[in-house]
Amino acid sequence: NAGVTQTPKFRVLKTGQSMTLLCAQDMNHEYMYWYRQDPGMGLRLIHYSVGEGTTAKGEVPDGYNVSRLKKQNFLLGLESAAPSQTSVYFCASSRQGRGPEAFFGQGTRLTVV
Amino acid sequence: LAKTTQPISMDSYEGQEVNITCSHNNIATNDYITWYQQFPSQGPRFIIQGYKTKVTNEVASLFIPADRKSSTLSLPRVSLSDTAVYYCLVGDPNAGNMLTFGGGTRLMVKP
Numbered sequence: 001n002a003g004v005t006q007t008p009k010f011r012v013l014k015t016g017q018s019m020t021l022l023c024a025q026d027m028n029h030e031y032m033y034w035y036r037q038d039p040g041m042g043l044r045l046i047h048y049s050v051g052e053g054t055t056a057k058g059e060v061p062d063g064y065n066v067s068r069l070k071k072q073n074f075l076l077g078l079e080s081a082a083p084s085q086t087s088v089y090f091c092a093s094s095r096q097g098r099g100p101e102a103f104f105g106q107g108t109r110l111t112v113v
Numbered sequence: 114l115a116k117t118t119q120p121i122s123m124d125s126y127e128g129q130e131v132n133i134t135c136s137h138n139n140i141a142t143n144d145y146i147t148w149y150q151q152f153p154s155q156g157p158r159f160i161i162q163g164y165k166t167k168v169t170n171e172v173a174s175l176f177i178p179a180d181r182k183s184s185t186l187s188l189p190r191v192s193l194s195d196t197a198v199y200y201c202l203v204g205d206p207n208a209g210n211m212l213t214f215g216g217g218t219r220l221m222v223k224p
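Protein chains in written order, with my numbering: chain W, 1 to 113; chain G, 114 to 224.
Simulated from the structure, these hints should not be mistaken for lab results. Remember, it's a predicted structure, so these values are computed and weren't measured experimentally. Any given hint could turn out to be false.
[Unchecked claim] Residues of chain W placed beyond 12 Å of chain G at every Cβ, according to the derived structure:
no.: 1; residue: 14
no.: 2; residue: 28
no.: 3; residue: 62
no.: 4; residue: 64
no.: 5; residue: 70
no.: 6; residue: 75
no.: 7; residue: 77
no.: 8; residue: 78
no.: 9; residue: 79
no.: 10; residue: 83
no.: 11; residue: 84
no.: 12; residue: 85
no.: 13; residue: 86
no.: 14; residue: 92
no.: 15; residue: 110
no.: 16; residue: 111
[Said to hold, decoys possible] The following label-pair restraints were derived from C-beta to C-beta distances:
no.: 17; chain 1: W; residue 1: 41; chain 2: G; residue 2: 194; range: 22 to 28 Å
no.: 18; chain 1: G; residue 1: 176; chain 2: W; residue 2: 96; range: 26 to 32 Å
no.: 19; chain 1: W; residue 1: 79; chain 2: G; residue 2: 180; range: 27 to 33 Å
no.: 20; chain 1: W; residue 1: 111; chain 2: G; residue 2: 176; range: 38 to 44 Å
no.: 21; chain 1: W; residue 1: 10; chain 2: G; residue 2: 221; range: 23 to 29 Å
no.: 22; chain 1: W; residue 1: 84; chain 2: G; residue 2: 221; range: 26 to 32 Å
no.: 23; chain 1: G; residue 1: 129; chain 2: W; residue 2: 7; range: 29 to 35 Å
[To be verified] 20 Å max Cα-Cα, derived SDA-like pairs, lysine to any residue:
no.: 24; chain 1: W; residue 1: 70; chain 2: W; residue 2: 52
no.: 25; chain 1: W; residue 1: 57; chain 2: G; residue 2: 116
no.: 26; chain 1: W; residue 1: 57; chain 2: G; residue 2: 215
no.: 27; chain 1: G; residue 1: 116; chain 2: W; residue 2: 70
no.: 28; chain 1: G; residue 1: 116; chain 2: W; residue 2: 59
no.: 29; chain 1: W; residue 1: 9; chain 2: G; residue 2: 158
no.: 30; chain 1: W; residue 1: 70; chain 2: W; residue 2: 22
no.: 31; chain 1: W; residue 1: 9; chain 2: G; residue 2: 153
Every residue, glycine too, gets a C-beta built ideally from N, C-alpha and C.
In isolation and in its complexed conformation, chain G is listed as follows (with noise of 0.2 Å):
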């Protein structure tokens, strides 16, 4: 499975662009890149999983360069509720273990 790297810790302001990225440098051809949300005390959610170029859902987008050995999730004005942790994933979805996650990112959104 290809390792990710991702800072530990963000901080950011109300209404403010966050934009986390993550290293993957050995990723594999059938890779997908997934991302997280976990708030305290709760299980993770899903927000968004790319293959190349960029998505977007109503929650965030996602860019990934031509190389992939890297991917971006970027939060458009965040907000308190924002607050969480988030990771990356990078896995092949047919394997049907890419489920293994990193350490993530702690996302600190203050007023």
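Chain W on its own, in the form it takes in the complex (with noise of 0.2 Å):
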């Protein structure tokens, strides 16, 4: 069981390249998540994902671009990368309903250049 797997786990992008962070989930769960975090701070949410096909934005939305085709991905998109998206990007996926706890990937660390 393999819980929710980050592609890739580093990446060192151009200012104004783009590149997709994919997100894999084996656990059948309806909500999926995607959170930044730059150094010494919290979690922001990013965009999130409350079933197959859905996408709502979260706290920091601007500059970035979701998709979820399938129940068991949550793609996130740079567009245009730019050097304030350097940051540490985590996924996390979660049941609907009552008393559910988070699952998290292992991170994605992103340099813009």
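Reconstruct the complex from the two isolated chains, following the hints.
Printed below as a string of structure tokens:
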């Protein structure tokens, strides 16, 4: 049971380049989330999804797009990377309903130069 | 979403009990209180969740007073490995957006 898997683990981008981060979960969870965490700070919610085919904006959605075409996958896209997007990105998933705990991936460390 | 307030940092010594309090004055009727632990370079890990009174598991206890405007995470007999950041979250698990993190409390356990 792999849980939540993020791909890639590390990436360096040049300003203006685009990329897609992949999050895959094998727990049949309805909810999935993308966060960013800057050094010494808490996690900030970028986008989330409450089910296949649905997405919603979180606290800091600007500069990012997401898609959830399959229940097990949640993709985070950066259309034109900026140095301000240098961060560690975490994906998480959880069940719907009372008392769910969220499971997090190992993170993707992204540097934009 | 209910906003939470926690101490920025706390120090303790091995073997002591640590209590971290979280304030959430505008908690809603359907909101649950959830605590996560995060080690450096790792994603957060669920510790405990509760709605009211007291909840205990093998890792921690969660105390919630009757008015639910605050909660206290209690870690019994901490060890060096409990050094981490602890986050208090408040939200409705049926709303799908309960996972909004604040700044957390950085706990340092000393020998």
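How the hints compare with the structure:
1. 14: The claim stands: residue 14(W) keeps its Cβ more than 12 Å from every Cβ of chain G (closest is about 24 Å).
2. 28: 16 Å, holds
3. 62: 17 Å, holds
4. 64: Label holds. Min Cβ-Cβ 16 Å, cutoff 12 Å.
5. 70: At about 18 Å from chain G, residue 70(W) clears the 12 Å cut-off, so the statement holds.
6. 75: 18 Å, holds
7. 77: 20 Å, holds
8. 78: Label holds. Min Cβ-Cβ 20 Å, cutoff 12 Å.
9. 79: The assertion about residue 79(W) holds, with a minimum of 24 Å to chain G.
10. 83: Given a closest Cβ separation of 21 Å, the condition holds.
11. 84: Residue 84(W) is indeed farther than 12 Å from all Cβ atoms of chain G, at 19 Å.
12. 85: 18 Å, holds
13. 86: For residue 86(W), whose nearest Cβ neighbour in chain G is about 16 Å away, the distance exceeds 12 Å, so it holds.
14. 92: 6 Å, violated
15. 110: 14 Å, holds
16. 111: 15 Å, holds
17. 41(W) <-> 194(G): 22 to 28 Å: 23 Å, holds
18. 176(G) <-> 96(W): 26 to 32 Å: Given range 26 to 32 Å: holds, Cβ gap about 27 Å.
19. 79(W) <-> 180(G): 27 to 33 Å: 46 Å, violated
20. 111(W) <-> 176(G): 38 to 44 Å: Holds - the Cβ-Cβ distance for residue 111(W) and residue 176(G), about 42 Å, lies within 38 to 44 Å.
21. 10(W) <-> 221(G): 23 to 29 Å: Distance hint for residue 10(W), residue 221(G) holds at roughly 28 Å.
22. 84(W) <-> 221(G): 26 to 32 Å: 30 Å, holds
23. 129(G) <-> 7(W): 29 to 35 Å: 41 Å, violated
24. 70(W) <-> 52(W): 6 Å, holds
25. 57(W) <-> 116(G): With a Cα-Cα distance of about 18 Å, the restraint between residue 57(W) and residue 116(G) holds, given a limit of 20 Å.
26. 57(W) <-> 215(G): Cα-Cα ~17 Å, so holds.
27. 116(G) <-> 70(W): Status violated; Cα separation ~32 Å.
28. 116(G) <-> 59(W): Between residue 116(G) and residue 59(W) the Cα gap is close to 13 Å, so the pair holds against 20 Å.
29. 9(W) <-> 158(G): Cα-Cα ~18 Å, so holds.
30. 70(W) <-> 22(W): At roughly 12 Å apart (the allowed maximum being 20 Å), residue 22(W) and residue 70(W) satisfy the hint.
31. 9(W) <-> 153(G): Holds, at about 15 Å.
In summary, the structure is inconsistent with hints 14, 19, 23, 27 from the numbered list given earlier, while agreeing with the others.
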